[in-house]
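Engineer: Top line first, the protein sequences correspond to chains A and B. Quick note, in numbering that gives the first Met the number 0, the first sequence goes up one by one and the last residue is 165. Quick note, in numbering that gives the first Met the number 0, the second sequence goes up one by one and the last residue is 774.
These aren't lab readings, by the way, just hints derived from the structure by calculation. From a predicted model like this one, the values you see are computed outputs, not experimental measurements. By construction, the Cβ of each residue, glycine as well, lies at the ideal position given by its N, Cα and C atoms.
Okay, the calculated bits of chain B under chain A, using three or more residues with CB under 8 Å as the criterion:
id: 1; segment: 288-297
id: 2; segment: 408-421
id: 3; segment: 505-517
id: 4; segment: 646-659
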Amino acid sequence: MSTYTKKQVSDLVKGTLDWDTVHLMLSMPKDEARYKLYMEVLQENVSYDDKILLAVGPHLNIVESSKDQEIIIKCDCGHEFGHYSKNWKLNALIYVRDNVEKMKEVYPELMAPDTNWQVYREYYCPSCGIMHDVEAPTPWYPVMHDIQPDLKTFFEWLDMPAPAKI
Amino acid sequence: MTIMKNALGNTPGVLLASGLTLNDHRNAIMERTAKTGFYNGHETLEFKDKDPIGYERIFSKVRAGLVNSREVAKKIAASPIVEQEGELCFTLYNPAGDCVATSTGIIIHVGTMGAAIKYMIQNDWESNPGIADGDMFTNNDCQVGNVHPCDIATIVPIFYDGLLRGWVGGMTHVIDTGAVGPGSMSNGQIQRFGDGIQISCRKTGINDTPLRDYLHESQRNIRTTKYWILDEKTRIAGCHMIRKMLTEVIEEEGVEAVEKFMYEVIEDGRRGLVKRIKAMCVPGTVKTVAFVDVPYSHPDVHVPSTFAKMDSIMHAPCEITVKANGTWRLDFEGCSRWGWHTYNTNPTAFTSGIWVMMTQSLVPTERINDGPRYATEFRCPAGTWTNPKDRRTAHADAWHFLVSSWSSLWRGISRTYFARGYLEEVNAGNSNPCNWLQGGGVNQDGEVHAVNSFETAACGTRACAMKDGLNHAAAIWNPEGDMGDIEIWELAEPLLYMGRRIKTNTGGYGKYRGGLGYETLRMVWNSADWTMFFMGNGYMNSDWGLMGGYPSATGYRFEAHNTGLKERIAEGKSLPLGQDRDPSLCEYEKHLGPDAIVKRDKQCITTEDMFDNGDLYLNYLRGGPGFGDPLDREIADIQEDLNQNFLMEEFAVKIYGAVFTKDEEGVYTMDAAKTRARQAEIRKERIGRGVPVREWMETERAKIIDKDASLAVQQMFASSFYLSAKFLAEFKEFWDLPADWELPEEELGTPMYGARHNIDIGDLPDVHPVIMVEE
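Put together the whole structure using the sequences plus the hints.
Structural biologist: In structure tokens, the structure reads:
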């Protein structure tokens, strides 16, 4: 079993980890301690006290609220997107690239989709403006609820105590 | 017709020491597996536990033999697809047709060749035509489980001491199968009956000798005969090397040990996947979706039947459930219907391809076998493009749909890797590797010819959660990505290279950008008669980007006729040699004669059209999607993108908020402080232009009620609604639509031939398809 230091996991998150170590991470069996180190690194990168349980995006985490122990989805800036079992996107801001002019802002002519077939939906944090996700569906497509984790089983797998309100 | 047992003098039930027929043997394995949850009932790995060194020794010998045979055999092939791109693989199976181990290469065929063996077992090939030492069987039938007809499998039974000990399958991707459209992944045909030669597990060799009737018949039915024969020899040589290898392993290790190994190793593989899922994933549900365009209403798409002349969209939603016991289920409920084109697939190809993907993250070991399939539940609903249940379907370019649909699976499972910190495994989705330059005619050697440029084997790859994607590097279906040597392609095709350059702005933007694609400009030269066509995505993107990253650029088409290039060359005038950097600037056209006819548009699927010597064809190979908000990208990386010609200035400014200077030599220098300030402004601009999602949903809902969408979009939804009441119900619930809202395909006026009446291959007399998924 491979083991890595917290500094190495921190560098991985920052994108500065040396390639030899990345290659080890790719080619060797996965290190069981990764989750714990990763959570510690993520926790140090945010200003809030709520305990991070899982990462949903580079700036979006599932956390245990320090106020009431509810499990919610939270932006690094502190904006709360609601209960983790619900789709956070429904509480975001959206900008839809649904015509030629809007598409020309992101790709040269002929290199973007035809908006009669496909649109880009950009989801922003209402507080800090981070773009948490880009969807590229057809018009009419329901907003994707990307991940619904089974936290109870997850903490059983990790052999760690689960939060009270999952 | 009922096959009379033993009419040919073959005696079923003598191939195995048990006295069971192959079908009874396989059924018993399936029963033990279903009853215990362990492959063949192996609750313990008796051999591995008792003699781990012996177990590993056998594995090493087998694996090394497979890889070595592939490397040697591919040198026999003349086809650049096989010899340059490595489009071949060899796989060893146990007597029940389950994979024990495989070589490197196009490992999707672990499943497809296994399906052919299982088909022979289930349909009593043992009685008729018989299975004997020295036999060879050939299959490329997509209704048996093949991906597309150009993947030809040679299957050889392996005997020792008069008993069947296993099977070896060898696969090569041939250049042409004699379909309506030339080239291995062609279009133009819309049904199986124009999809090229179809060989259904036919006995094509006896006593290690290919049968003359097969050799004559097959060559008469395809265009590229010398490549066909050399591919045939490649497969046979590899299979016979592996047969010899297994015989030697049996003699060295003992028949009992090898037989035990050939079943236990599959259970070992099953356990390996379960362990890996628990180590890397998060239990729960991930939902994802992918699309790709089928723009057939365009005048440059010529098809034989009116009912194929319509625009449609492939729809591939997937619900991935990672279960508490470490197994998983992939449910494709809601997929759109199969269609009158060559992009259909079947469950074996669909699910086998998923293994190709997963070997690149979930099971990245050399122990690829059928084990992981027994830890996976696949659901491919009948009537969808993943499982047409109609024996008329064409499959020549099944990859158009397959790779597009899989792009979403990468994203989906990557969300779970990311969640618990395995950032190095995250994959933003991969591209739909295309364009496929194909065509044919009479080549520079005066021969009937066809081509399929496998430059696609080196598209831009997806971004990861800790690094950029690789530029012009790989394609999902072949782990050994290679664009091939220009000199070799020019020998194989009457097409000179006018340029081969990186394709600027094709990698999806992000904190980590997707890898860039590339482009090659080809000029037809020295052919007698020549045709070509385009095959790829254009109006739509197959990939999305992940967690704030953008999708890669979409495709477009450039072709030019009556170019005047012969005259310009003679006169020493400028030529179109470099990049088509910004397609809106029409740079190539500045170097063509006044009467040139240019097609520059989004129509990236066309059918066979004539090209004269001097005509041009742009082969644009796609980039990969990005990861993370582009505003998080390192300043130095943006500067590098600009200086390496990976990114146009305009989009560095718009997407990344870049502020920079450019010196007289064209070198860019970023102003980090001003860039970060501009990025802060962009975040505020986003907040200004964004609307609350629930508010936007009201406007989108109104469009749905008004049925305000293109016909292609509506047809996609209508076909999915018809096939899936669940998908319709979830759609109506999400948008809070009135109970009586409906979208029947009938009201759209699009052709519905084939939409309601289907005839499955299993409806043929005495044909028993092998079904390995929930339908």
